[in-house]
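S.K.: Residues per chain, in single letters:
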Amino acid sequence: MQSRKAYEKFGREKLQRIIETCKSVEERSLDPFLIDITANIGTVKQYFPEWKIPEDLCLDAETLHRIASVVKLQSEWVKHRSTSLYTDPFLLEEKLKRMDKAEIARTLLKAWHPLIEWEQISLHSLSEAVRYWNSLIPLEERWKETPPAEVEASSTTREQLVRERILRDRAFSEELESFWHELGNFVEEKGEKGKVRYWDFIGAESYDETVDRAFMTSFLVTYGYATLEIHPLEEETFLVPYEKPVVRSAKTQLVSIPISVSFNEWQKWKRGELK
Amino acid sequence: MSKRKATYAAKLKRATHLLFFKRHAKPGVKGWELRKALGSDYPKVLKIMDDYLKNMDLEVKTVFEEGKQTEKPSLEQLDRARFYVALRGELVPKEAKMIGWRIDDFAGLAIAIAHIISKKGKAPREEVEELLREKLPGWKVGLNVERYIRYGYLTQDDNRQLYLDWRTRAEVDQKALIDLLLSAETKA
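Those protein sequence lines, which keep their order, are chains Z and H.
Each residue of the first sequence is one higher than the one before, counting from 1 in the numbering used here.
Each residue of the second sequence is one higher than the one before, counting from 276 in the numbering used here.
It is possible that some hints are incorrect.
[What the hints assert, rightly or not] In silico PhoX-like links for lysine-lysine, alpha-carbon gap of 20 angstroms or less:
id : chain 1 : residue 1 : chain 2 : residue 2
1  : Z       : LYS79     : H       : LYS395
2  : Z       : LYS72     : H       : LYS395
3  : H       : LYS372    : H       : LYS410
4  : Z       : LYS110    : H       : LYS450
5  : H       : LYS322    : H       : LYS311
6  : H       : LYS278    : H       : LYS305
7  : H       : LYS322    : Z       : LYS101
Derived from the structure by calculation, the hints contain no laboratory data.
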């Protein structure tokens, strides 16, 4: 049973090879007589009794179709060789290589009889032109300067600006302090060893809120309210709040750490796939 | 002038208008269009026109479908053929330059056409470009092939195979080109 399966597999491979060879002859204009038609037909015949399922029968039909195409190419090849236009491509290529450009161009001119064609305006194109001209707005109107849009000045309230997110309702430093306390409380409640996973702290119900928290966290780290602890091998990032804001000396080299907070990552975090 | 002569004179004028002035994207007129405009004896009208044009070194050229040249074409074959007015003789290099082509462009076209003919009317574009690179600067090769395609001398299929197109069939005497190329080399 196993050997029969292997025999069928071998047969399929053989047919595939025949198809590929025939295709390359067709596509690359190779000599069709490179294909041994009799041997290939023999192979098709040999494996035909084995084919039972439609896929194998289709493969068999395609092989025959490809072989037939090559036979057609062989016939065309013979016809072409018998015509007066037949020239050995290698001979011609060699000759072309040995002639100079001017000589080749002069030769073409002797066999070239260019067509005479007069281009003229037709009734149709004239009527199109008239229609275009009539619908064309005068230059004066087209080049008129557009006056800048008038904007009326009016007063607004602080609440309105806060609603439009132009102003925050508290001073930034106040907000940062309160966020720092939130981090401290969060670590006390849910953290381990005085630290908490970065995404557990910034992650929120909505993506907008998550980005907002990531933004504030970046300031916590920059202004010395907290620091980041990164474990590259485990791909884990922790936030560690300081008890007191740390004032960094100017001599210390600061390092920027980019952390992607994309929508996909937020969704992964929501599904519990992101640490 | 007899009535018969007057009829043919009128038909001759109409044929001149049809053949000289470009009416479609491609120049020339199909046989069936001529039959519709001139009547079933249009081959005779074209013969008279050809005789007139001889003095001006022009001719009425017939290009049969798929380039099949026939000694005695049937009416159906003529109806499907395309008719053009072409130069009967040949241009000297000085005149040829006036049409805006450089000697390089002519040489490139001759090489491309000759190579495709020798490969039974079909050759991969890469192969043609490689051959052109022997004579033309590399940067110009692709541009020139594009130009030959745009003008209707060559055409290309999805597999980047190049074929001879309608303009080569109408303008170039393929047999003469091959013979001349081979004999030019023998003399050298």
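S.K.: Holds or violated: are the alpha carbons of LYS372/H and LYS410/H at most 20 angstroms from each other?
M.R.: Holds, at roughly 19 angstroms.
S.K.: Given the hinted pair LYS322/H and LYS311/H, is their alpha-carbon gap at most 20 angstroms?
M.R.: At roughly 17 angstroms apart (the allowed maximum being 20 angstroms), LYS311/H and LYS322/H satisfy the hint.
S.K.: For the pair we were handed, LYS72/Z and LYS395/H, check the Cα-Cα distance against 20 angstroms.
M.R.: Holds, at about 13 angstroms.
S.K.: Does LYS395/H lie within 20 angstroms of LYS79/Z when you go C-alpha to C-alpha?
M.R.: With a Cα-Cα distance of about 10 angstroms, the restraint between LYS79/Z and LYS395/H holds, given a limit of 20 angstroms.
S.K.: Would you check the hint for LYS110/Z and LYS450/H, treating anything up to 20 angstroms between C-alpha atoms as holding?
M.R.: holds (12 angstroms)
S.K.: Verify the proposed pairing of LYS278/H with LYS305/H, using a straight-line Cα cut of 20 angstroms.
M.R.: violated (28 angstroms)
S.K.: Between the alpha carbons of LYS322/H and LYS101/Z, is the straight-line distance 20 angstroms or under?
M.R.: violated (38 angstroms)
Comparing the model with each numbered hint stated earlier shows that hints 6 and 7 do not hold.
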